[in-house]
Amino acid sequence: MSAVADRYAEFQELGVDVISVSVDSQFVHKIWNDTELSKMVDGGVPFPMAADTGGAVGTLYGVYNPSLGVNVRGRFIIDPDGVIQAMEVLTPPVGRNVDETIRQIKAFQRVRETEGKEATPSGWQPGGKVLKPSADLVGNVWKEWNPKDAYGGKGTK
Amino acid sequence: MAEKLSCAGPGPDVKGAKAPESAPMAEKREAAPRCVTVAMKAPDFTAPAYLKGEFTRVTLSDHLGRWVALCFYPGDFTFV
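Keeping their order, the protein sequence lines are chains E and S. Numbering follows the numbering used here, in which position 47 of the first sequence is assigned residue number 47; successive positions increment by one, without gaps. Numbering follows the numbering used here, in which position 60 of the second sequence is assigned residue number 60; successive positions increment by one, without gaps.
Calculated directly from the structure, the hints in this document are not laboratory data. Predicted model, so just to flag it, every value in this text is computed and none were measured. By construction, the Cβ of each residue, glycine as well, lies at the ideal position given by its N, Cα and C atoms. Errors might be hidden in some of the hints.
Said to hold, decoys possible - Each pair of labels, with its calculated beta carbon distance range: (1) E:D42 to S:E54: 17 to 23 Å; (2) E:M40 to S:E54: 36 to 42 Å; (3) E:G123 to S:G53: 36 to 42 Å; (4) S:A39 to E:N140: 23 to 29 Å.
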């Protein structure tokens, strides 16, 4: 969570509220923040750390593992209408990539701003080529986009 | 909006949560999937929380009108 806290300013600039959730109590969250996270991130964790003791919230989102007794890593991007636009679920040993979360938020915001008239192809980065779905584009994506355009033009072998 | 401290305070509340609804963009089907997935309304919840020195409660639906990154993780004091 420190990696997300460290990039909190970017989330705020994008108008994104962050909520973290684990099965630890709010009291444990406080001590983790005060004794450890605040040493990694100036000022400590700037977003609410929710206490899902018992895993009811995680169960609702399909990320609670009853045999482990914890919520696995689950990241949900929720739009202003309260609709889940993206989800990523990982087992505990591998951490998230905050860059990818931010990239996906920017992409979903672009799609929303254009009311779905634009779609972002694989590896899209802000400033990269977008596609405008239409009848004419069917079978013609190859004229508009190439895998080499992905990742800011770094999609080359 | 600090919450009164109590060892037996209320835990997370998902009782008001309805079964996931399809968002308007998703095609309505008779048997809706039980698990959440993309293009569905995020189930609402309220949970105790720690925020910047205060004990409070967080409710997902209070954030309607904003984007939200909801991040579950296995536990405090873990390594990754």
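Does the Cβ distance between E:G123 and S:G53 fall inside 36 to 42 Å?
-> holds, 41 Å
Check the following: the C-beta atoms of E:D42 and S:E54 are separated by a distance inside 17 to 23 Å.
-> holds, 19 Å
Could one say that the CB atoms of E:M40 and S:E54 fall in the range 36 to 42 Å?
-> violated, 21 Å
Holds or violated: 23 to 29 Å for the Cβ distance of S:A39 and E:N140?
-> Roughly 26 Å apart at Cβ, these two residues keep to the hinted range, so it holds.
Violated hint: 2 only; the structure is consistent with all others.
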